[in-house]
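Visitor: Sequence:
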Amino acid sequence: MASTFQTAVITGATSTLGVACATHLANAGYGLILVDANRPRLHAFADAMTTRTRQAVEVVPMDVDSVAQRRAFIDKLALDESRLGHGPHRGRPWRHA
Numbered sequence: 003m004a005s006t007f008q009t010a011v012i013t014g015a016t017s018t019l020g021v022a023c024a025t026h027l028a029n030a031g032y033g034l035i036l037v038d039a040n041r042p043r044l045h046a047f048a049d050a051m052t053t054r055t056r057q058a059v060e061v062v063p064m065d066v067d068s069v070a071q072r073r074a075f076i077d078k079l080a081l082d083e084s085r086l087g088h089g090p091h092r093g094r095p096w097r098h099a
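In this note's numbering, the protein residues as written are 3 to 99.
Incorrect hints may have been included.
[To be verified] Using C-beta positions, here's what the derived DEER-type ranges look like:
(1) N29 - A70: 28 to 38 Å
(2) T18 - D67: 13 to 23 Å
(3) R73 - N29: 15 to 25 Å
(4) R73 - T53: 30 to 40 Å
(5) P63 - T18: 17 to 27 Å
(6) A30 - V69: 27 to 37 Å
(7) N40 - V69: 17 to 27 Å
[Claimed, not checked] Okay, derived cross-link-like pairs now, EDC-like style, lysine to aspartate or glutamate, Cα gap no bigger than 20 Å in a straight line:
(8) K78 - D65
(9) K78 - D67
(10) K78 - E60
I should point out that these hints are in silico values taken from the structure, not numbers from a laboratory. Just so it is clear, CB atoms sit at the ideal spot from N, CA and C, and this is done for glycine as well.
Assemble the whole structure, with the sequences as input and the hints as a guide.
Guide: Have a look at this one:
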């Protein structure tokens, strides 16, 4: 079944739950934006996902506890919102947490 979404953002991508979600979504045909603070694990996981699923995978080394880093990331996503399809922010501006 084709999805209206093109890309999924996974924070905590190298955690057990993040790996499970990313794997499931990539197998369903989603491209991935993987976000995690652990650069070596993040890059290794992204390489493995690209090899295994042949989906587009982008890595974002980021500490989600940092307000400044979150805001910069959200601003970048808002500028390129078309990659994320029609998610919960459709027709509304992104809000900073």
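Visitor: Now, for every hint given, state plainly whether the structure supports it.
Guide: Against the structure, the hints:
no.: 1; hint: N29 - A70: 28 to 38 Å; result: holds, 34 Å
no.: 2; hint: T18 - D67: 13 to 23 Å; result: holds, 19 Å
no.: 3; hint: R73 - N29: 15 to 25 Å; result: violated, 32 Å
no.: 4; hint: R73 - T53: 30 to 40 Å; result: holds, 33 Å
no.: 5; hint: P63 - T18: 17 to 27 Å; result: holds, 19 Å
no.: 6; hint: A30 - V69: 27 to 37 Å; result: holds, 32 Å
no.: 7; hint: N40 - V69: 17 to 27 Å; result: holds, 20 Å
no.: 8; hint: K78 - D65; result: holds, 16 Å
no.: 9; hint: K78 - D67; result: holds, 17 Å
no.: 10; hint: K78 - E60; result: holds, 13 Å
When each numbered hint is compared with the structure, a violation occurs for hint 3 only.
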